[in-house]
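Protein chains: 2
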Amino acid sequence: MSSAAVAYARKNHPRFLDELKALLRIPSVSTLAEHKGDCRKAAETLLADLKKIGLENARLIETEGHPLVYADWLHAGGKPTALFYGHYDVQPPDPLDEWRTAPFEPTERDGNLYARGAADDKGQVVAQVKALESLLAANGKLPLNVRVLFEGEEEVGGEGIASHVAAKPAHLKADFALVSDTELFAPGLPTLCVGLRGMIYTELEVRGAKTDLHSGMYGGAAPNPFVALCQIVARLKDENGHILIPGFYDGIVPPSPEELAAWRSLPFDEEEYRKAEVGSKELVGEQGFSVLERTWARPTLDVHGMPGGFTGAGAKTVIPAKALAKVSMRLVPGMTPACTFELYKSHVEKIAPAGVEVEARMIHAGDACLIPVDNRYIQAATRALREVWNKETVFIRSGGSIPIVGDFERHLGLPSVMMGFGLPDDNLHAPNEKFHLKNFELGIESVIRFLEEAGNL
Amino acid sequence: MSSAAVAYARKNHPRFLDELKALLRIPSVSTLAEHKGDCRKAAETLLADLKKIGLENARLIETEGHPLVYADWLHAGGKPTALFYGHYDVQPPDPLDEWRTAPFEPTERDGNLYARGAADDKGQVVAQVKALESLLAANGKLPLNVRVLFEGEEEVGGEGIASHVAAKPAHLKADFALVSDTELFAPGLPTLCVGLRGMIYTELEVRGAKTDLHSGMYGGAAPNPFVALCQIVARLKDENGHILIPGFYDGIVPPSPEELAAWRSLPFDEEEYRKAEVGSKELVGEQGFSVLERTWARPTLDVHGMPGGFTGAGAKTVIPAKALAKVSMRLVPGMTPACTFELYKSHVEKIAPAGVEVEARMIHAGDACLIPVDNRYIQAATRALREVWNKETVFIRSGGSIPIVGDFERHLGLPSVMMGFGLPDDNLHAPNEKFHLKNFELGIESVIRFLEEAGNL
Numbered sequence: 011m012s013s014a015a016v017a018y019a020r021k022n023h024p025r026f027l028d029e030l031k032a033l034l035r036i037p038s039v040s041t042l043a044e045h046k047g048d049c050r051k052a053a054e055t056l057l058a059d060l061k062k063i064g065l066e067n068a069r070l071i072e073t074e075g076h077p078l079v080y081a082d083w084l085h086a087g088g089k090p091t092a093l094f095y096g097h098y099d100v101q102p103p104d105p106l107d108e109w110r111t112a113p114f115e116p117t118e119r120d121g122n123l124y125a126r127g128a129a130d131d132k133g134q135v136v137a138q139v140k141a142l143e144s145l146l147a148a149n150g151k152l153p154l155n156v157r158v159l160f161e162g163e164e165e166v167g168g169e170g171i172a173s174h175v176a177a178k179p180a181h182l183k184a185d186f187a188l189v190s191d192t193e194l195f196a197p198g199l200p201t202l203c204v205g206l207r208g209m210i211y212t213e214l215e216v217r218g219a220k221t222d223l224h225s226g227m228y229g230g231a232a233p234n235p236f237v238a239l240c241q242i243v244a245r246l247k248d249e250n251g252h253i254l255i256p257g258f259y260d261g262i263v264p265p266s267p268e269e270l271a272a273w274r275s276l277p278f279d280e281e282e283y284r285k286a287e288v289g290s291k292e293l294v295g296e297q298g299f300s301v302l303e304r305t306w307a308r309p310t311l312d313v314h315g316m317p318g319g320f321t322g323a324g325a326k327t328v329i330p331a332k333a334l335a336k337v338s339m340r341l342v343p344g345m346t347p348a349c350t351f352e353l354y355k356s357h358v359e360k361i362a363p364a365g366v367e368v369e370a371r372m373i374h375a376g377d378a379c380l381i382p383v384d385n386r387y388i389q390a391a392t393r394a395l396r397e398v399w400n401k402e403t404v405f406i407r408s409g410g411s412i413p414i415v416g417d418f419e420r421h422l423g424l425p426s427v428m429m430g431f432g433l434p435d436d437n438l439h440a441p442n443e444k445f446h447l448k449n450f451e452l453g454i455e456s457v458i459r460f461l462e463e464a465g466n467l
Numbered sequence: 011m012s013s014a015a016v017a018y019a020r021k022n023h024p025r026f027l028d029e030l031k032a033l034l035r036i037p038s039v040s041t042l043a044e045h046k047g048d049c050r051k052a053a054e055t056l057l058a059d060l061k062k063i064g065l066e067n068a069r070l071i072e073t074e075g076h077p078l079v080y081a082d083w084l085h086a087g088g089k090p091t092a093l094f095y096g097h098y099d100v101q102p103p104d105p106l107d108e109w110r111t112a113p114f115e116p117t118e119r120d121g122n123l124y125a126r127g128a129a130d131d132k133g134q135v136v137a138q139v140k141a142l143e144s145l146l147a148a149n150g151k152l153p154l155n156v157r158v159l160f161e162g163e164e165e166v167g168g169e170g171i172a173s174h175v176a177a178k179p180a181h182l183k184a185d186f187a188l189v190s191d192t193e194l195f196a197p198g199l200p201t202l203c204v205g206l207r208g209m210i211y212t213e214l215e216v217r218g219a220k221t222d223l224h225s226g227m228y229g230g231a232a233p234n235p236f237v238a239l240c241q242i243v244a245r246l247k248d249e250n251g252h253i254l255i256p257g258f259y260d261g262i263v264p265p266s267p268e269e270l271a272a273w274r275s276l277p278f279d280e281e282e283y284r285k286a287e288v289g290s291k292e293l294v295g296e297q298g299f300s301v302l303e304r305t306w307a308r309p310t311l312d313v314h315g316m317p318g319g320f321t322g323a324g325a326k327t328v329i330p331a332k333a334l335a336k337v338s339m340r341l342v343p344g345m346t347p348a349c350t351f352e353l354y355k356s357h358v359e360k361i362a363p364a365g366v367e368v369e370a371r372m373i374h375a376g377d378a379c380l381i382p383v384d385n386r387y388i389q390a391a392t393r394a395l396r397e398v399w400n401k402e403t404v405f406i407r408s409g410g411s412i413p414i415v416g417d418f419e420r421h422l423g424l425p426s427v428m429m430g431f432g433l434p435d436d437n438l439h440a441p442n443e444k445f446h447l448k449n450f451e452l453g454i455e456s457v458i459r460f461l462e463e464a465g466n467l
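Line order of the protein sequences matches chains F and P. At position 358 of the first sequence (counting the first as 1) the number is 368 in the numbering used here, and the numbers step up by one without a gap. At position 188 of the second sequence (counting the first as 1) the number is 198 in the numbering used here, and the numbers step up by one without a gap.
Mixed in with the good hints there might be a few duds.
The list treats identical chains as interchangeable, and a pair is accepted whether it falls inside one copy or across any two copies.
Said to hold, decoys possible - Straight-line distance between alpha carbons at most 27 angstroms, and here's what the computed DSSO-like set of lysine-lysine pairs gives: (1) Lys401 to Lys46; (2) Lys355 to Lys21; (3) Lys89 to Lys448; (4) Lys401 to Lys51; (5) Lys332 to Lys61; (6) Lys355 to Lys61; (7) Lys21 to Lys46; (8) Lys21 to Lys62; (9) Lys151 to Lys62; (10) Lys89 to Lys62; (11) Lys89 to Lys46.
Simulated from the structure, these hints should not be mistaken for laboratory data.
Based on the provided sequences and hints, a complete structural model is requested.
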């Protein structure tokens with residue numbers, strides 16, 4: 011690796027780590043009103059650094075929540091433009107008493123840096139910025155054009171960035187996005203995430219009597235909305251995980267034989283996953299599909315809660331007038347939120363038992379996304395990662411959604427290179443979040459080398 | 011009606027009404043700590059009156075909550091002994107702004123007396139006491155032996171009286187109970203309630219993963235406890251209201267052809283009931299049974315709430331580690347709580363879908379009860395009611411449970427004469443509770459004549 015920028019990064023690594031620690035000390039918890047000032051302070055800290063390392067047009071973009079951080083460097087005439095994305099906000103640190111060291115006092119231990127936000131996502135944001143610094147400091151320029159857009163509301167829904175992107179402002183024009191908010195499939199294994207499931211999140215409301223009734227007086231004559239909801243849900247998904255909504259699976263684009271073969275070669279043990287991650291007595295889901303297929307490339311349906319009625323301790327003999335179910339479906343390529351919602355809505359209306367009225371409401375939705383592995387930026391990233399990590403890159407998908415990736419694609423036409431450096435055991439959203447120090451170092455080098463490769467396209 | 015006691019009651023009616031009003035002015039709301047003193051005051055008011063009219067051994071019996079009121083008159087050698095039951099506590103008056111006149115300032119309007127507790131149960135308690143006063147004042151004695159036991163915790167579960175009765179103290183030895191806490195089936199129609207459903211109230215807990223999981227990452231592999239609960243509930247009761255637990259209906263004692271014929275002649279319109287009381291688009295339940303059969307003489311199963319998971323506004327994509335359902339079953343004669351619970355428990359364990367563990371817990375239970383209409387005290391009551399109301403008595407059941415009736419039967423071996431004088435539209439537990447003034451008057455006379463009839467047995 012002969013890159014001058016990589017040499018600069020290695021030399022300056024202790025300072026880079028200090029700067030990351032300084033950012034981690036700011037408790038930028040986006041969901042808590044009392045940390046509003048801390049969120050702005052984290053944004054201003056990043057803004058100041060982007061200016062200092064030589065980016066231009068650096069500014070905060072106000073939203074209804076926490077500000078976006080924008081900066082650019084656009085002097086690589088004829089070269090592609092990258093849009094860097096990450097977020098500076100963090101999850102709340104609770105439960106505090108389960109942290110071995112204070113969540114906002116970053117602490118090195120066993121080759122890791124422990125702090126809230128270490129991996130999600132400040133460590134990755136700083137890796138991006140320090141890669142830019144290294145390139146600018148070593149070469150006086152970047153190998154391609156770069157725009158940076160960091161947000162401070164990722165942990166609370168990302169409304170600000172979503173509406174900003176939806177407005178398609180000219181300053182977001184680019185050729186691809188570099189999204190650093192994901193993880194390696196396994197330690198030391200360079201990983202690109204190339205697919206995300208979409209989703210629809212719905213609320214199902216069932217109404218029976220006009221008012222709450224006593225189950226002694228009316229049980230046997232008045233419809234029970236919870237029983238009706240259970241009967242409906244039981245007719246949405248069977249005990250083999252097969253979804254019973256007619257047309258639900260129509261049009262699904264399955265993974266290619268090559269992609270499936272690649273997944274089979276990943277270091278993944280279903281029994282180990284069951285024991286260590288899930289902890290249930292068995293795994294469930296559609297027969298004939300592996301766990302990775304079921305969670306990455308198959309749609310599913312889950313119920314998250316069933317509000318209404320009596321939920322306290324003890325007993326209350328109420329037949330509630332209404333009951334709700336929070337029901338979401340994960341979608342895969344070939345499915346659309348609108349069409350899936352229509353199929354679902356007309357099915358639940360059809361199967362609702364006698365005596366009740368049912369209403370299906372959409373709460374929010376997101377498209378599935380799939381980035382072809384032969385995309386030139388994905389290929390450039392692969393070359394960079396092979397060099398830095400000394401291994402072939404694995405292409406994975408994620409069962410979850412990263413809404414911003416869909417927004418970049420839908421509104422700006424950008425494919426995303428999801429290159430992240432977390433590890434599966436980094437305790438995101440949990441006590442003792444950590445970032446592996448070696449991954450911080452190799453993450454910076456990976457971004458440097460990726461930009462150099464992408465600049466050669 | 012030549013009874014001297016009845017003549018006394020008629021003459022003293024204005025004062026009886028004033029005494030009822032005085033009791034209604036005491037806000038003896040048993041569930042609110044700030045009314046603890048008022049509950050005691052109501053108990054002491056009744057105690058003083060029982061002494062004044064000539065009952066003996068009058069005393070408060072302390073419980074862990076509000077006191078019981080006890081008194082007796084046991085000088086009718088060779089005659090049966092009646093145990094009078096009623097309660098002096100009342101429901102909270104909320105919502106206050108829906109009352110036309112203040113809940114604790116009894117107000118006469120349109121032939122009714124409006125106040126919290128007017129019908130439930132102070133009006134009926136005072137009717138019992140004034141019947142005793144009339145008999146003692148007119149005759150210097152009672153036609154049979156009487157024990158009085160009033161409680162102050164009926165609206166909060168009745169723990170105090172339940173444990174007192176369970177201890178079978180000698181001072182509760184009697185031949186039958188007179189329970190005045192029910193209503194007429196229709197205005198002017200003398201009514202005895204001779205059957206109550208029993209119940210088991212359970213909690214069903216389903217556990218999947220060891221911790222809450224993200225439905226994006228794990229949806230399709232991790233078991234979803236809510237989906238499993240829905241599948242279980244859907245296999246407990248079908249869409250025709252038929253309960254699917256094997257053995258559930260075995261041994262049920264159906265109403266006699268005579269009883270069914272009597273129910274068919276009651277002034278009851280199912281469509282009117284649907285519209286006015288339930289307000290659902292259809293009634294539900296087992297086919298081939300009338301509404302009165304389904305709510306009085308058939309078992310049923312209801313779900314009251316399903317705690318767990320995410321129940322807030324909006325969306326959270328959690329697969330909760332566990333979910334609960336509050337499930338109760340109403341039981342009818344021929345079923346026992348213990349046996350029904352066993353059938354239910356083994357069935358849910360058998361039908362639980364793969365991947366989850368299920369646990370059924372009993373929260374509380376009560377026996378069904380049925381008093382034969384040819385019971386001599388029921389027959390005596392019928393003769394008294396015919397004379398006072400000038401109509402044949404109707405025998406009804408109630409779908410609910412009155413736990414004290416089961417306790418009297420189980421612990422003391424007493425059949426209960428459930429002779430109450432409320433009306434279906436008395437707004438129990440709601441704003442503008444009322445007691446029909448004529449029913450207060452005829453209620454007193456009914457109790458007088460019933461005791462006279464029972465004294466002749």
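Evaluated hints:
no., hint, in the structure
1, Lys401 to Lys46, "neither (42 angstroms within a copy, 75 angstroms between copies)"
2, Lys355 to Lys21, "neither (59 angstroms within a copy, 67 angstroms between copies)"
3, Lys89 to Lys448, "neither (31 angstroms within a copy, 95 angstroms between copies)"
4, Lys401 to Lys51, "neither (39 angstroms within a copy, 83 angstroms between copies)"
5, Lys332 to Lys61, "neither (56 angstroms within a copy, 49 angstroms between copies)"
6, Lys355 to Lys61, "neither (51 angstroms within a copy, 67 angstroms between copies)"
7, Lys21 to Lys46, "neither (35 angstroms within a copy, 76 angstroms between copies)"
8, Lys21 to Lys62, "within (18 angstroms within a copy, 100 angstroms between copies)"
9, Lys151 to Lys62, "within (14 angstroms within a copy, 104 angstroms between copies)"
10, Lys89 to Lys62, "within (24 angstroms within a copy, 104 angstroms between copies)"
11, Lys89 to Lys46, "neither (38 angstroms within a copy, 81 angstroms between copies)"
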